[in-house]
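First to last, the sequence lines map onto chains A and B. Under my numbering, residues -17 to 392 are what the first sequence spells out, in order. Under my numbering, residues 34 to 181 are what the second sequence spells out, in order.
Bear in mind the hints are in silico, worked out from the structure with no lab data behind them. We treat Cβ as the ideally placed atom computed from N, Cα and C, and that holds for glycine. Among the hints, a few may not be true.
A few chain A residues facing chain B, derived, Cβ under 10 angstroms [unchecked claim]: (1) L130; (2) V135; (3) F141; (4) A149; (5) V153; (6) R229; (7) A231; (8) A234.
Take a look at the letters that make up each chain.
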Amino acid sequence: MRPAARVPCLVGVGETRYTKWGGTTDASEYQLALEAITKAVSDAGLRIDDVDGLASFAQDRNDATFVAADLGLPELRYASLSWLPGGGGACAAVANAAAAVADGQAEVVVVYRALCQGQFGRFGQGPGNQPRSPGPPPVPRIRSAKSLLAAHVAFTMPFGVFGPPIAYAMVLQRHMHRYGTMAEQMGQVAVTARAHAARNPRAVMAEYAMTMDDYLNSRMVSEPFRLFDCCLENDGACAVVVTSAERAADLARPRVEILAEAQGTLQGFGHGQYTNVSMPDDDYTSAGARGVARRLWARAGLTPADVDVAQIYDHFTGLVLLSLEDFGFCERGQGGPFAASGALSWPDGSLPTNTHGGSLSEAYIHGLNHVIEGVRQLRGESTCQVQGAATCLVTSAAGVPTSALILGRP
Amino acid sequence: MSERFFPDEMPMPAANAETLAFWEAAARHSLVVQRCAGCGQTRHPPGPVCPACRSTASQWLELPGTGSVYTFSVVRQAFLPALSDRLPYVVCAVELDQGGGVRMVSNLVGCEPERVAIDLAVTVVWEDMGPDLALPRFTPLGTTVARP
């Protein structure tokens, strides 16, 4: 057990305005990162001079060492980048910050993520295998891969598997075959997220209502995924501040404790279904989070029944169903019926989920906005507030090595 | 030569030290997977160490090129503009016969999207892309395809 004084807590949250893909033209992605960091520190009642640590996760373009220099941090004592790719790493970055705080390496660590796909192009197209420029093509020859990932996506991209929607459509196709999962069940995830977003003025899709018919009539992207099964792409940034319970005691906001954190992957799942279709069927039809889930519940001393509200990473509706299974809210294969039962809906569902609207309807900031929403729930500040919420599960992306947190109100 | 399955703008494979032998075999229309010389487990994509026994010794196992569809997706959005006149196309994961459980991402060709199903029996067809590059695609067993 950690000494009570060193229990890591989330004490500040900050975000920029969220806009549609390419909608932010008056600030760079890096400027958005700095804005979110500054707001989170201010929200906590701290000053930039108090910050001595920075943490992020894979594929971040905004180096912590530049952040520290440009913000003029008096002394950077801790900087880390989780290896967990893309959306798998948001909770891991918080966990790394928490570990640094708990063992005294740093006192105030800010976790951040900025994402302007309009400025840098779409995630998930893979490195070293970009489409060629127009004009007469050279005679194709085998080229030298510039990274491990480039060598791996050579086995998918030349076959037209462009990025996550297609790769994870194949996962859900298999899940449907094996368990009878249905489109309407995935649609329930999308419709629920949109209903939650309608109450959240920060949500990019707050003004766009969605019915089940709207969902079913949205265009097919990659079967079984329709457009509305896929998350948004947008511009924005998030940051959260982690410090010790001792330091949190006299800050501006009620502290939110990090009750448990877990990260990683199990043997066989490898880098995830995006590059590995040879894994065992039980893994292929999962979120790949069973190991993380087992360790998370054990560290917290809690079970799924103890959770009041959840923020489940939602790059695709179907993968939310798989996460619900892996984290033990229902039996394997039963994520669809669980969602269809209305369990995810605020305020009456048994597990109100993605109460900010999630990546499907609030914003796609690689899930750091899910951590922020977890904090808001436990402060009583959510626009879909679960009455008396005392514990919140936050997960990062399914389908890749991932991470998760359980947050609690002291 | 007949028209290619995908437009010329498609990305082509890049190889590293571990994967080059697969692509060299593919250029000869030989479908191979890597097999651990220590414990015999197969793996794909190729890698430098056996994840099961950690042996770094491996062999290349030539497969008959038949298999079955493990999963698939009918792609109906052009993720590259040049793909807009090739929609829909079918991507699949093929479980390879005699491959020790190994599966491979590819395309199903010569098959209406409505006919694609999990467990469909398929066989490899090669598309030559250049003097040292060919891509393995799959077609339902018993089908004759003009393209590729």
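Hints and how they fare:
With a least beta-carbon distance of about 7 angstroms to chain B, the hint placing L130 of chain A at the interface is held under the 10 angstroms criterion. Given hint, V135 of chain A at the interface with chain B, holds; its Cβ is 8 angstroms from that chain's nearest Cβ, closer than 10 angstroms. Hint status for F141 of chain A: holds, given a least beta-carbon distance of 5 angstroms to chain B, under 10 angstroms. Restraint check, A149 of chain A versus chain B: the minimum CB separation of about 8 angstroms is within 10 angstroms; hint holds.
Given the 10 angstroms rule on beta carbons, the hint for V153 of chain A holds: about 7 angstroms separates it from the nearest Cβ of chain B. About 43 angstroms separates the beta-carbon of R229 of chain A from the nearest beta-carbon of chain B, more than 10 angstroms, and the hint is not met. The beta carbon of A231 of chain A is not positioned within 10 angstroms of any beta carbon in chain B (closest approach about 47 angstroms), and the interface hint is therefore violated. A hinted interface residue such as A234 of chain A counts as satisfied when its beta carbon comes closer than 10 angstroms to some beta carbon of chain B; here the least separation is about 46 angstroms, so the hint is violated.
The structure fails hints 6, 7 and 8 (numbered hints given earlier, in ascending order).
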